[in-house]
Amino acid sequence: MPTSDVPDVSVVVIVYNDEERLPRAVRSLLDQTLNNLEVIIADDCSTDGTERVARALEASDPRVRYVRLEQNSGGCSAPRNRGIEVARAPYIMFLDSDDELPRHACKSMLLVAEETGVDFVTGEVTRLFEETNTTGFWYPHLFTERRVVNGVAERPEYFFDHLSTNKLYRTAFIRDNALTFPEGIHYEDQLFSAQAFSLAESFAVVPWSVYTWRLAPESVSISSSRHKIQNVADRIGVARLIDAWFEENGRSELRAEKDYKFLRHDFRLYLGDLPFRDLDWIAEFAEVTNPYLDEISDETYARLSREERVCIHLLRTGRLEELRVAARQLGRPALAPRAVVEQDGVAYWGAVAPADEASRRELDIDEWHMRDQVLATGRLRHELTSLSLRGTVLHLEIRTYDPAGLIGEDTEASVKLAAHKKPLSVPLTLRPDGEGQYVSTAALDFQKVPVGKVGVATRRHPVVVLEQDGSRRTDILLAEHDQPEFRTTVVYHKFGVHHLTVRAEQKGAGRLEVLWRRSGVLRSLEPLGSYARKAKGRVGKVRKILVGNEGKATAYDAVSKLPRKRSLAVFEAMEGRGYADSPRYIYEELKRRNLPIDVIWVYSGDRSSFPKDVKLVKRGSFAYGRALARAAYWVDSHNLPYLYSKPKGTRYLQTWHGQTFKAMGFDVPSLRSASEIEKERFRAAVSRWDALVCPSAEFERTFVPAFEVSADLIRSGYPRNDVLVRWAEPAQQTRAASVRETLRIPADKKVLLYAPTFRDAGRRTGQSVRVDLEALAPHLSDEWVVVVRTHPYDRFEITPELGHFLRDGSTYADINDVMLVSDAVLTDYSSLMFDYANTGRPILLYTDDYEAYKGGDRGTYYDLEDIAPGPMLTTTEDLAAAVRDLEGVKERYARQYARFQEMFCSYETGHASKMVVDAFFEGGTDD
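Residue numbers (my numbering): 172 to 1098.
Hints are computed from structural coordinates only; laboratory data are not their basis.
Check before you lean on any hint, since a few could be wrong.
Here are the in silico distance ranges between beta carbons for each label pair [unchecked claim]:
hint, residue 1, residue 2, range
1, Ser844, Ala473, 48 to 58 Å
2, Ser585, Thr629, 20 to 30 Å
3, Val662, Thr556, 47 to 57 Å
4, Ala1069, Glu285, 57 to 67 Å
Only pairs whose alpha carbons sit at most 25 Å apart, straight line, appear in this in silico BS3-like list of lysine-lysine [said to hold, decoys possible]:
hint, residue 1, residue 2
5, Lys817, Lys732
6, Lys678, Lys736
7, Lys789, Lys817
8, Lys678, Lys587
9, Lys736, Lys819
10, Lys593, Lys783
Since the structure is predicted, the reported quantities are computational estimates derived from the model, not experimental observations.
Idealized CB from N, CA, C, for every residue including glycine.
Work the whole structure out from these sequences, hints included.
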């Protein structure tokens, strides 16, 4: 029951012939944490059972009111306007009958509205794709924090937020300004929202979802009718109405911002569709759009991406066939043009040199630095020129465009089709066929696709894979939109019948796609009944016991009771991520001495970094447990899984993987406040260590007590740092030269290693990369190349626009490779700084979020300002200045650097590997 005669919020639910989904929408309102609201169902004269359903909802709850239009309006405006007329609350919202409001939407926005006194509150929209049950956000960069905006001129980017449904308005604001939804036009939200933003003295933004926009696979909404020229005309029509309203109401200064939004959102939607339209449609599209495009200023066009500018110029100049080619590149920076022409030292899009100033301005692609790229980040284009299916074999003919000359004689190519656990891969021979072009053929035999015994029912896209100098890239394979559809049937494992469809994707990139559909025995397993589901559940539980941690622990316990193999050692670095860290250098010292120890290395994913002659075992497998159970030695850099207690007679060498700037072990509040069971599990894991490698007295002061270490301390320095201490020796110089060659770093460029640490709350988000590398490039790219090496817990991808300036250092399992090749390092709070100080080379610190990092939940052992061996920088300009003046930095920070080395490199001599093998494997005997 409502708590007041006057509701706090009125929510207008518009509906037309939607009797099935209307109850769900209304239920999302009645279940709101704000109880005192009214629900106005505004029916646009439905002809199905909607009226009956709506009246039943009205009868079931006094908060629901039903109003019905006398005749159908054919749009959303009339029922919304009717709702505005009858609303009783001081605040109003709008909801479509096929969507929902999150449970706290009304209350959370009402509290903000009352607190701030704004004209309306707007929040994030969750887009729910019903076909895949996945979600995405509507322009998430607009909703990153809570803020009050004093007029849209202050933050004009909010013109992109043109929905009316993700907002809570003051009803008086709407009525006092006579704001109504325009009837008889499509895209009514855009005009209404542009007016609301322009009229509002202030509005508030909240960074949480306030609306759930459900996108059904069979959606027939106006926005999904972009294939109709009338749809294009409607978009332009509403844009003109907004322009006219701006003019009539003295808001002409906002026109440029609205035009930018129109080009980046509305018009951009159609550009992305052009590869799937025929030339007649595109010609008609140009006829409808070009008059309006001619009214937009050059200054507005200059704000667009180069890909967008190229497409619009080709459209406006009638180069429609080229336009279809160019439109494939939108949103795909790795995709190259078919050709590039140079004129007076400037690169232009296309095979024809520009003939006028406008063409030179709009087709200039020098900013892409295509000739300065490496294979890993440069632009390529693979197009399917012919496709045929004979039996179960798919025959492909491919043309590859390489206008920048990235492909070399040593480039290896293949076509890969992912399926089950292992992809099907067939080699390609790239045959030159014209300047910067190659042709190749491939045959994919579906009978050889490893689908697994349970089969597969899914969609996959064949891709082209290129490998060169250890770098690897995967590119999409473009297909013509009118490519014929092929079908075949394949029988796997003699009982699994699969029906395959091969066709061109009709959206996005327009890739070639293969669709598997199962039948027969495999198909019958999909719709499980109650009994079958229970049986499957029991099988799943049994399987979990057998192959999960319980089964592995049981098997491990049994094997660990057997005698040790005195010559066996298990080496693991970075939780199996590669052949690196101190275990690598200890292993190489064992090999150099030819000691009678058989080493098994642990891997968790990519095995390419390991020497070809080493024995490998996968982390977490039964074989892994058996190896640990029988080994006389464990050597590790992180901490072996808690699951494996150390057998009697096994000795465990813990090398750890870095010194500590941020709090560790029991110095971390979350572990201090954990349950006694969790604390004891942590202590038990550490108590397995027999010896711990120490790099400095500071490490002993911080790390050792934090972990409650009782192991013997080997005060040797880190074995992994030996090559850094001895960086000037020929072996290390040769290694650095090899890395430089592999990364294709020009001989005249210096190397800055950028290695930020991860943020606890932002793992795998790229948030650790806080330097604006795009802004830094113009300052340094003439003399420097930046090798970016993020923490394994984070991720970062280099865009082709920066490929001339950046290199990806994550392909090296051993970070020493990129440290040795660098002339200086840029980090933040990473323990890498302690290792890098062994080189004596400059250390720069980018610390724009230092206060937040220092004040985080974990905390730090030091105030960085007290120990920093180099400048703490917070702006691009200061960073660029520091890099250009490294000699001055070294001179100004010489005393701090020396103190830093004394604190954190005190045990480093360059001979740690020898000292550790002496102490742990040979009991202190000399080599």
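Notebook entry, point to check: Are there hints from earlier that the structure breaks, and if so, what are their numbers?
Noted result: Violated hints: 3, 6; rest satisfied.
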